[in-house]
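**Q** So the sequences go chain by chain: W and B. Residue numbering for the first sequence follows my numbering, beginning at -13 and increasing consecutively. Residue numbering for the second sequence follows my numbering, beginning at 102 and increasing consecutively.
Everything labelled a hint here was simulated from the structure, so no lab data went into it. It is possible that some hints are incorrect.
The list that follows gives simulated cross-link-like pairs (lysine-lysine, DSS-like), each with its CA atoms no further than 30 Å apart [claimed, not checked]:
| no. | chain 1 | residue 1 | chain 2 | residue 2 |
| --- | --- | --- | --- | --- |
| 1 | B | Lys127 | W | Lys51 |
| 2 | W | Lys57 | W | Lys43 |
| 3 | B | Lys157 | B | Lys127 |
| 4 | B | Lys170 | W | Lys55 |
| 5 | B | Lys170 | W | Lys43 |
| 6 | W | Lys86 | B | Lys170 |
Computed from the model, here is a short list of chain B residues facing chain W with C-beta under 8 Å [stated by the list, open to error]:
| no. | residue |
| --- | --- |
| 7 | Thr185 |
| 8 | Phe189 |
| 9 | Gly205 |
Covered by chain W, according to a simulated footprint, are these stretches of chain B (three or more residues, beta-carbon under 8 Å) [stated by the list, open to error]:
| no. | region |
| --- | --- |
| 10 | 145 to 155 |
| 11 | 160 to 174 |
Ideal Cβ placement from N, Cα and C applies to all residues, glycine included.
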Amino acid sequence: EAQVTQNPRYLITVTGKKLTVTCSQNMNHEYMSWYRQDPGLGLRQIYYSMNVEVTDKGDVPEGYKVSRKEKRNFPLILESPSPNQTSLYFCASSPPGNTKAFFGQGTRLTVV
Amino acid sequence: SQQGEEDPQALSIQEGENATMNCSYKTSINNLQWYRQNSGRGLVHLILIRSNEREKHSGRLRVTLDTSKKSSSLLITASRAADTASYFCATDPHYGQNFVFGPGTRLSVLP
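The shape of chain W in the complex, shown without the other chains (with noise of 0.2 Å):
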């Protein structure tokens, strides 16, 4: 089945704690990309990724950093995380062409 698939789903951190979102995708997907969503404000994109070793920042990549070693994968990593940075987290991957994004059932990250 295709999909991607993002982990943890749901996530409780202190500020100043390291930690990584991780997100998979079974269709070999060369684009894929990190949003966060807040009320009223809809889906901003924090990073993208074009394929391999390649990313650029999207409109809010403060804060964050993201790799991409493999294909499949294209973790979110938070250094320092801020209490401003609680939101929901989709990570998503489409095809060459733009034609269709596939989404994680997202990651709901809350900083205390």
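Put chain B on the given structure of chain W with help from the hints.
**A** Positioned in the frame of chain W, the structure of chain B alone reads:
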């Protein structure tokens, strides 16, 4: 940065009625897509319309695109309670950045 803007922000209708949502964007695009999101879950792709198309249908969905006005509309006919969700338009700008989403329209279909 470019962003789609959906209108209205919220819409409440009775089952069986039609629901129309609009999306405006700022720069030229390759295509425009509509997605649905059930509460707190991942987005699901509904339909894509390319910049050289004016109208597209898929089941009870009808999408129009007016590139001169930089706007699109999504019509859901004969709505059902199961259509209750948030709907987002997403644009794919020519400069290659991946999808850019608007804030969404929250649709409630009352039985």
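**Q** Now tell me if each hint is right for this structure.
**A** Okay, the hints, checked on the actual structure:
A distance of roughly 28 Å separates the Cα atoms of Lys127 (chain B) and Lys51 (chain W); the hinted pair therefore holds under the 30 Å criterion. Distance check on the hinted pair: Lys57 (chain W) and Lys43 (chain W) sit about 18 Å apart at the alpha-carbon level, within 30 Å; holds. With a C-alpha separation of about 21 Å, the suggested pair Lys157 (chain B) and Lys127 (chain B) falls inside the 30 Å cut-off, and the hint holds. Of the pairs offered as hints, the one joining Lys170 (chain B) and Lys55 (chain W) is violated, with about 41 Å between alpha carbons and a cut-off of 30 Å exceeded.
This hinted pair checks out: Lys170 (chain B) and Lys43 (chain W) have alpha carbons roughly 29 Å apart, not beyond 30 Å. About 24 Å separates the Cα atoms of Lys86 (chain W) and Lys170 (chain B), which keeps this hinted pair within 30 Å; it holds. Restraint check, Thr185 (chain B) versus chain W: the minimum CB separation of about 18 Å is more than 8 Å; hint violated. At a threshold of 8 Å, the smallest CB-CB gap from Phe189 (chain B) to chain W is about 7 Å, leaving the interface hint in force.
Taking 8 Å as the C-beta contact cut-off toward chain W, the hint placing Gly205 (chain B) at the interface holds, the least distance being around 5 Å. Only when three residues or more bring their CB closer than 8 Å to a CB of chain W does the claim for the region 145 to 155 of chain B stand; here the count is 3, and the claim holds. Counting residues of the region 160 to 174 of chain B whose CB lies closer than 8 Å to any CB of chain W gives 0, so the stated coverage by that chain is violated, three being the minimum.
Checked against the numbered hints above, the structure breaks hints 4, 7 and 11 and satisfies the rest.
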